[in-house]
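So the sequences go chain by chain: A and B.
First residue of the first sequence: 0, per numbering that gives the first Met the number 0; consecutive thereafter.
First residue of the second sequence: 0, per numbering that gives the first Met the number 0; consecutive thereafter.
Watch out, some of these pointers could steer you wrong.
Computed Cβ-Cβ distance ranges for the label pairs, DEER-style [claimed, not checked]:
{"hint": "1", "chain 1": "A", "residue 1": "PRO69", "chain 2": "B", "residue 2": "ARG24", "range": "19 to 25 Å"}
{"hint": "2", "chain 1": "A", "residue 1": "PHE72", "chain 2": "B", "residue 2": "PHE32", "range": "27 to 33 Å"}
{"hint": "3", "chain 1": "A", "residue 1": "ALA76", "chain 2": "B", "residue 2": "LEU84", "range": "46 to 52 Å"}
{"hint": "4", "chain 1": "B", "residue 1": "ILE5", "chain 2": "A", "residue 2": "LEU79", "range": "26 to 32 Å"}
Some, not all, of what chain B presents toward chain A, calculated at C-beta under 8 Å [unchecked claim]:
{"hint": "5", "residue": "ARG24"}
{"hint": "6", "residue": "PRO31"}
{"hint": "7", "residue": "LEU39"}
{"hint": "8", "residue": "LEU72"}
{"hint": "9", "residue": "LEU76"}
{"hint": "10", "residue": "GLY78"}
{"hint": "11", "residue": "TYR159"}
Keep in mind that the hints were calculated from the coordinates and are not lab data.
Keep in mind that this is a model prediction, so the values were computed, not measured.
Ideal Cβ placement from N, Cα and C applies to all residues, glycine included.
Given next are the chains, with one letter for each unit.
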Amino acid sequence: MMLDGALVWLHDTAFGTLIRESTWGEPVIETIHVLTLTVFLGFVILLDLRLLDLALRRTPVSMVFRQLNPWLFGAFAIMLLTGISLFAGDPVLFYGTIFFKLKMIMLLAAALNVVVFNLTLGRRLMQWERLPVTPAGAKLTGALSLVLWISVVACGRGIAYVLPPP
Amino acid sequence: MHALAIWTLDFCRWCNGSFFGHTIRDSAWLFPFVEVFHLLALGLLGGILVMLNLSLMGVRFGHASTRELARELRPWLRGCIVVMLLSGFLLFSTEAVKLYGNWAFQLKMICLLLALLFTATLHRRVLDRPKTGAPVRALTALVSLLLWLGVGLGGRAIGYVTTAASAVAGS
């Protein structure tokens with residue numbers, strides 16, 4: 000199968016081999032991955048809580064977005080880079096776990112949630128963000144996002160438990 | 000000092016044998032389940048601290064002053080700390096005696112104690128006083144970030160120290 004071929008190819012690249020065989024590669028990259036989570040997940044949760052009217056209620060939604068977005072995108076880039084690096088260390092093994100597949104599905108769903116919001120309520124942000132209560136659709140987006148990102152974290156943790164010990 | 004060490008070790012033994020320690024240790028899914036709560040609280044706590052400390056360093060978050068931001072986020076900050084301490088204690092109780100001798104865990108606890116004290120006293124005071132000078136605000140933010148980073152790095156290192164120790168013991 001093509002996917003299997005790609006996984007083996009990634010496994011055998013110089014990069015994948017370096018991650019797998021170096022003593023410090025994996026712990027250092029994983030530490031960066033987890034510590035960046037404090038910024039990425041923290042800001043995502045804050046945004047979701049704002050959409051749910053549970054935190055930062057006095058700041059307009061667009062203002063919260065504008066202030067948090069650069070940090071969010073920066074942190075996501077680091078999460079993605081470190082995540083792909085960890086994956087490259089043993090792609091066949093990772094892909095073989097149910098939690099890795101679930102995590103990827105949840106990630107895609109979380110991204111889809113953002114896209115749908117931006118195409119619908121996000122376009123009319125100016126019309127509703129100063130209302131005392133955010134519309135039900137925005138609350139739904141926030142709640143979905145919370146559930147999806149919590150699942151991403153839980154699945155990520157799950158991977159470590161189903162992998163054979165090093 | 001000697002008495003404190005004995006008392007701490009006794010406490011660790013008690014945790015190990017406690018209902019929590021037993022129950023979580025004997026379950027296949029309770030440990031990861033509690034761990035996810037620990038991680039989620041860590042995420043939000045980190046986000047809030049980064050936001051407040053950036054605000055102290057002069058980054059503006061909308062119209063809100065640092066004091067207003069701190070007032071809005073404080074209940075969540077407290078909530079996160081409570082969840083982290085509770086879930087952390089539960090995780091700790093499954094292997095308390097092992098962690099007693101783990102230098103990474105000791106480092107984490109020292110940083111945690113300092114970080115909690117700092118957050119409840121000086122950090123809080125500077126957040127609530129808009130007239131504090133910019134250098135003091137920036138320094139407060141830096142100390143807060145470094146202390147909590149110490150907690151995070153110590154926490155990350157625990158697993159690696161344990162693995163290294165058991166590898167030595169096994170060889």
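Unmet hints by their number, sorted upward, for this structure
Per hint list: 1, 3, 4, 5, 9, 10 violated.
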